[in-house]
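Go by the hints and put chain V onto chain C.
Okay, here's what each chain looks like letter by letter:
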Amino acid sequence: MGILEVKDVGKRFGGLQALSDVHLNVMENTCHAIIGPNGAGKSTLLNCLIGKLIPDTGSVMFQGQSVLGRSPFEINQMGISRVFQTPEIFGDLTVMENMLIPILAKRDGAFEMNGWSKLASQKDVNEYAEKMLEDMNLVDKRNMHSASMSRGDKRRLEIAMCLSQDPSLLLLDEPTAGMARADTNNTIDLLKQIKEERDITIAIIEHDMHVVFSLADRITVLAQGTPLVEDTPENIKGHPKVKEAYLGETA
Amino acid sequence: MLGLNKKDASLLLMVAALVAFAPILLNPFPEASALAQFNAGYPDLMQRFVIFGIFAVGFNILFGLTGYLSFGHAAFLGAGSYAGVWMMKLLTVNVIPAILISTVVAGLFSILIGFISLRRSGIYFSILTLAFAQMSFALAASVLTPITGGETGLNLALDDPRILEGGNTTGNIPAPNFFGLEMGDSLQLNVAGWLWTFNVGYYLAGVVLIIAFYTAIRIFRSPFGLMLRAIKSNQHRLGFTGLNTRPYMLACFVISGMYAGLAGGLMVAMDPLAGAERMQWTASGEVVLMTILGGIGTLIGPVLGAGLIKYFENIFSKINSNLLHEWFAFLPDGLEDFVVTIIYPFVGKGWHLTLGLMFMGVIIFLPGGLVELGQRIRRVFSKKDANQHTKPAE
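These protein sequences, in sequence, are chains C and V.
Note that the first sequence covers residues 1 to 251 in the working numbering.
Note that the second sequence covers residues 1001 to 1394 in the working numbering.
Treat the hints as calculated values from the structure; they're not laboratory data.
Please note: incorrect hints may appear among the correct ones.
Pair ranges (Cβ atoms, derived) [what the hints assert, rightly or not]: (1) V:A1016 with C:K123: 25 to 31 Å; (2) V:L1181 with C:R142: 48 to 54 Å; (3) C:R142 with V:P1247: 28 to 34 Å; (4) V:R1119 with C:S66: 22 to 28 Å; (5) V:P1247 with C:D217: 37 to 43 Å; (6) C:N185 with V:F1381: 43 to 49 Å.
Remember, predicted model here, so these are calculated numbers, not experimental data.
A virtual CB, placed ideally from N, CA and C, is assigned to each residue, including glycine.
If we strip away everything but chain C, and leave its shape as in the complex, we get (with noise of 0.2 Å):
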């Protein structure tokens, strides 16, 4: 059984039928990438599973429950991180401001007036937001103002907010959409990192193939609103019909 189960959903827009008879099966602890041309409907499907959209038809299911109908922060709560496209901060803030935020929200304590009633675990929190910082090299930037830094920074600013909440799921729509070539392998290698070291499911819409073929363990291929294949990275690579629906296209 997968962390996150994807049946039959279909998706409409007036006359275009942006998702149809669409399965997904996202394994635990794996990282699972889903290709597609331009107008696949890719980022119609990740809507669908933060609950941005409500497909028609289908169901969406994470730990067994359903995501359906919940509002953003209640999918969040179950345990479903998101990284935009193109990196989501609160820019008028400080990066360690940024990164308290979501530590804060996720205890739920942040709730109150004044720290003295829970001044020791303020302490605590500060502790861990540091921490995260330093583990993504951002901790000499702690008082800069977020919005001034490099896309890059932004990026793993952005990754590490995400993780401070301990998601089960990791969701990430083109994370290197943008990126210079540099920042693009630094961001794999951050990624590639996380995956080894926590117990995290990834999922990845990625455009960049040399991303894909370097994070994904399994890979969805998505063609005019319905999967093409699903299978490992070495498979995908060689299989007529991708070739012919994507690669071939962009070769």
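Leaving out everything else, chain V in the frame of chain C:
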């Protein structure tokens, strides 16, 4: 100190010192001099400075932290005022119950309005709050006359029950007091030509301002305040961070409404009369102006903005054409008339024009308001210092 860091503590001490010495600081000109009319150190105006300061500080907790622009905050001020007067009519003319009940009533009222208005954000939120405030104003002025006194307003009467005091039907209407100290009581000191007035009501309001300011600092620096700033920065991300923003927004809105109610309660404590016009949209707009003029999202900004606008409203507006002629009497006749004609639209009843121009200037050149102006001036000076130090190296 008091759980504040050094910078915040010194800011609080500065505000406390300003409040304490305002009767002296605001009267820089000797009583007999021609400039005495620019003195702002009389009780009535000083009370308004601090009361509107509290109003603006509360408004800034909502607008400055979360970016939600409420255009109906005067409704809470008005609701607080009415509740305060009723308390004085029914219970006692001691101001403490009146001030407490105005805060509570405004809080309850803001739960209702906030619960509905916060379903939308941005301009729609502003419009909803504006609609509620105008509705409250219209109701207060018409159908709710038995409660609000309609267009004449609500004031104390001799035959009010005043349960705690037993009521009296002869003599004068008792004046609002703080355990016997009447709000209107003042101690006047005449020191070498300067007239300083230390007023009971002003100092009561001043102490409340200091407490309100301290609370605001604590909210700004708390994890709760951090979440509110996160709402302003990226509400989208906050949702995907697993935080339900609605209870946070509502709590913030209610706190902000209670500050407005507190200001309304203090207003009637100083002068026990509440009118519907206190709820009108111009009053709501005024607090928006104060906050923007002073500096959105800064701690001290709203207090400065409130002071500036109230100073303009009460002092600048008193300059009339006779006075202008007096000032420019040294010029040749024709030129004098010309200069007075040019200046006249900007002063006296035309003070709104000056305020408007100033507001435009602030928006365009100083988006951070008076606080940014202060920072820039300080930076210029510190740069000069730095240059002097580094000069030998060049």
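Outcome of the hint check:
Between A1016 of chain V and K123 of chain C the Cβ separation comes to about 30 Å, which falls inside the hinted range of 25 to 31 Å. For L1181 of chain V and R142 of chain C, the hinted distance range of 48 to 54 Å is satisfied, since their beta carbons lie about 51 Å from each other. Between R142 of chain C and P1247 of chain V the beta carbon distance is about 29 Å. The supplied range of 28 to 34 Å therefore holds. A hinted range of 22 to 28 Å for the beta carbons of R1119 of chain V and S66 of chain C is consistent with their spacing of about 25 Å.
One distance hint, 37 to 43 Å for the beta-carbon pair P1247 of chain V and D217 of chain C, holds here, with the actual separation near 40 Å. Checking the proposed 43 to 49 Å range against N185 of chain C and F1381 of chain V shows it holds: the Cβ atoms sit about 48 Å from each other.
Of the numbered hints given earlier, the model fails none.
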